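Residue numbers (this note's numbering), protein chains in the order written: chain A, 5 to 216; chain B, 60 to 258; chain C, 135 to 238; chain D, 1237 to 1875.
Where hints are given, some of them may not hold.
To be verified - Taking lysine-lysine and the DSS-like style, the derived pairs with C-alpha atoms no more than 30 Å apart in a straight line are: (1) C:237 to B:231; (2) D:1238 to B:151; (3) D:1458 to D:1424.
Claimed, not checked - Residues from chain A shown here face chain C by an in silico Cβ test under 7 Å; the list is partial: (4) 29; (5) 30; (6) 74; (7) 125; (8) 173.
Said to hold, decoys possible - Computed, partial: chain A to chain C, Cβ under 7 Å: (9) 21; (10) 23; (11) 31; (12) 101; (13) 104; (14) 117.
Calculated from the structure, these hints are not laboratory results.
Computed from a predicted structure; not experimentally measured.
For every residue, glycine included, the Cβ atom is placed at its ideal position computed from N, Cα and C.
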Amino acid sequence: MPRREKSIREIFSNGLLKQNPTFVQFLGMCPTLAVTKSVESALGMGAGVIFVLVLSNIAVSLVRNYVPKEVRIPIYIVIIASLVTVLEMIMKAFVPDLAASLGTFLSLIVVNCLILGRAEAFASKNGPLKSAADGLGMALGFTGGIVLIAFFRELLGAGSITIWGSLKLDLIPELYQVNILVQSAGAFLVFGILVSQINKYRMNKADRNEEV
Amino acid sequence: MELIAIAFGAIFVNNVVLQQFYGLCPFLGVSTKKSSALSMGMAVTFVITLSTIIAFLLYDLVLVPNNITYLSTIVFILVIASFVQLVEMFIKKFSAPLYSALGVYLPLITTNCAVLGVAIDTTVNGSKIFGVGTDVTLIMVTVYALGISIGYSLVIFLFSAIREEMDAYPIKRNWQGIPIALITAFIMAMVFYGFGGIV
Amino acid sequence: MDGIVIVIILALVVSIGLALLLSFASVALHVEEDPRLQDVTDLLPNQNCGLCGNPGCKAMAQSILDEDSRLSQCKPGDQEMRELIKEYLEEHPDESGEYVKVKM
Amino acid sequence: MKHITIVVTLSIVVLVASVMVFFVEAWTTPIIDDYNFEQANLAKFEVLPLLEGSDSLEADLSYDFTGTSITEVIVIPGKGYIYTAEFQGFQSIITYMVGFDTNGNITGYKTLIQGDTPGLGAEIAKDWYKDQFPGVSINDFSEIDGLVGATITFGGSAASLSKVVDFHNSTFEGVVLETPAEKLARWKKEITIDNAVITDVSGDYTLSGGISRIEFANDGSKDVAVIYTVDFEGYAGIVEYIIALDLVTNDVIGLRIVTNEETAGIGSVISEESFQTQFDAMLQIDALNGNIDEVAGSSAPITYGALKGSLTELINFHKSAFEGEVIETFNEKILRWKNEITVDNAIITDVSLDYTLTDGIYKVELVNNGSTDVAVIYTTEFIGYNPSETVVYFIAFDLVTNDIIGFRVMYQSETPGLGAKIADDSYFVQFDDLLQADALAGNIDDLAGATITTGGLKTSLVDVVNFHKVEFQGEVIGIPDPVEMSDANLLLALPDAVTFTSVYGDYTYLEDILNIYEAKNAADEVVGYIYYGHVKGYGADNIEFLFSTDKVTNTVEIVILNDTQSWDLADEYANYDGSAGLDFNTSTWLENFEGTTLQMLLTTPVDTVAGVSTTTGAMISVIETIAQYHTDESIGGGN
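Given only the sequences and the hints, what does the whole structure look like? Please build it.
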């Protein structure tokens, strides 16, 4: 059957919500868990992913017709790696504190399965504009996902939300903070609970659709 | 003694999955069966150890002398990806049993952040792992990489054993699969915190 | 100007070396396999995330051909992907003319 | 063609990527450097407020920072020093800057880069932490508080700062970092006199009590002090200290803890200066008695206790080595005690061999005051509450009044606080002048809760007093008159006899035998002898019996006279007819003896009966004793 071409808007919203990389596709879980100690780190990582994913999708889309199959993956990886390196240097130059707090995970955007995944799954089959839209949607969806996790972890674990040093919300007194949530292990817990609740919502919705 | 400390730290204290969050996708994905978890562990051990050695040699002999360490990420990933691809083709050609036990896991590992993560940590961020001012040697790097791999294999195997057991119990629909696996990983991570007290 | 010369030399050495290695290896180490395997692999997201329980997308493709895995096990894959694979397999029987039963 | 495509494509992509990165690097590096420089300079003003815009902030590159984690030092002449250093936090490498003024105080601290956990390690960058630093001495920043729960990060900060201070002190303060040996040498001078010449004289002494070294401190003309190096076992490990004593006043001049393996924060507090200063000019008696102030708020009873014990031993050593005070050996103490309870300068002669010692008494000594023997000392032992160790004491009797003039316990291992009190001076006092009769009657203090011990002592005292009475007062003790027995009963033992005459007075008294009768028939011929004996059966029941030897038939006969419980029981068992398992084969046990001769009794022992072995065993024992006695005393020809 003939398939209707998706509009750019659909492609964008697909990544943002329907195929959300964090909660539906479970892509890029390493940074999802590692940089969600604070909202600020999550935002920084999100920005980095937006930058790399949009540009890498465009770049891959541009070269897609000239790449031999044998070296497809090395070439995509080199494109992504150089973008990440550029990003790393730019962040170190302009937002050094954030770059330090993201640590190795800034470099590891290279192997964030989301980026290579979109290059393979979408950009290598679509034009630059659509690829850019896909990259932006996916990256924003990813950012939203990790910021949500970071929000719960930082709020419940450290009692306050601090963004760029100045914007600080002190919400929970020390006595009631759940310290484990800002530790590494807490990431699994928060992420697990959030996924289960989102699953619940999606399943309820799917059930309702069936009834209708 | 120092090497034992490095290995112990890499296996338990800074466990690659539970503490450093490297290699999570396959950790959650390829852990539904003990047999595949075991294969995954072996494949990861093979790739991480060799890639780390390659990366360390490249870094020490090529990148640092030429003052181009900013190219680390690109060179490492390119070399590692090609290397893994070569090994995969090689195994596929010459040993079918080895391919099904190990080879099919290799492409998955190319984009496993644990591989690049360990390569970068032991070179560019060497002082973070081995202490500020330490003269990092190839043997230290190898021991660390092996330790990380063993830690990975250990955790993914334990995790798969737990998940196999869990299959026998009813779990609410919205918790099935990834969510309950994450909660299990949470509990395992808490357990591994205990090792932090040892070093 | 020394810096850029070193960078260019390194880039060329590494890329030419690896490219030669890979391209010859792809010939020397070529293994005959079901042509549908590569096609299905290409239809999968190729993110190699492992979340389907198979070690990578190629293994998932094999598993689909073996009728072991359901298409919905692929977390990153969407409805469109599932339909494309189903369509493809409905149109491509194996050498003996048998069709794969696709599990959604 | 295909290969060429692959090579070309990959090369182009890699080349483009690398060149792009190269240019971005060239573009950003100066910005990164500028940024870092800018940040670093902002921080410099913060950590060293004396800075002015005109000061040069050039890093001084002439220093070797190996092993210090310092990355940069800036020297601003007359104003201070700014260090940049880094250390490993919990999750990231933390870079900080710290300023020192020329007086050795910290002027400011600032975390430059950190990536630790918010709420935990990341707190290191917060104001509450850095605000603690200004004004604190570089040599003691122990009052800087970290964050509980983030010890790796905050501990790392303190450790790193220590290294910076060490570097600073060795580089700029002219204080060469001491080796441990140099520090020890300095300490030895500190606790004695400046410019002391230290000489090791350990070889001249027999070292004991944990002392490993003895040294003299000489002021150039004479030895003024002695320094001991001592170690002791604390709670977690060995503690070594040096202590100096003045050779004129013999008081303590000073003390330093050299090595301390005690638990950090608990036993380790004895290394604190505030603890050690109390030993400056401490009186010897205070050191001896352990009158030391413990560090406020610390609870390290084992460490303090071990230190006090070590000090006591040390002072005693010093007293004997330098004050001519003889620390007694055990034997010397015993000799002193014996003099104390008798006369001074007593000449004590052991005369044990002249006596047959009994009842735990194992030594008898005569005390001569130079002309006559004035007292006798008995050394004896008894079992108190502790069943495995005896209490050994000696007691002196006046040879004129025969009353007790003194008592000392030489050795005991009774329960501390209870029975062990009998070794206390306060307990000895009552014996200084104790009437013999009171000792015999047990009129001594019962130690509350230790009546088993004092009970044992009382019994032992009775034995000693009785021994004394016999040997020194010529009294015959405990030989009661023969106990008469009715002819009717005697007839049971020797039915052939007519008359019975007691002949016990002609022979040696034996406790087991109450009387001995010579039995004659109507023709006035001796037909045999009857022993009236008694024995303690099970449960100390008294069993009385008659044992006869028939001169005519040459056989023996036993008659049990009384009807006590233990004998009844024994009799019942003994009447058992000898089924398997019982070691006698006649119908009743007593019949074992019937028809046997004295010789058989002495050569062929009769077996006891299982179940009543105490009673039958006692019987056998006493009958054999009597048989032996009969032979030994050759009664009626010993037959």
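Hints, verified against the model:
no.	hint	in the structure
1	C:237 to B:231	holds, 23 Å
2	D:1238 to B:151	holds, 22 Å
3	D:1458 to D:1424	holds, 17 Å
4	29	holds, 4 Å
5	30	holds, 5 Å
6	74	holds, 5 Å
7	125	holds, 4 Å
8	173	violated, 34 Å
9	21	violated, 12 Å
10	23	holds, 5 Å
11	31	holds, 6 Å
12	101	violated, 28 Å
13	104	violated, 26 Å
14	117	holds, 5 Å
This entry does not satisfy hints 8, 9, 12, 13, going by the numbered hints stated previously.
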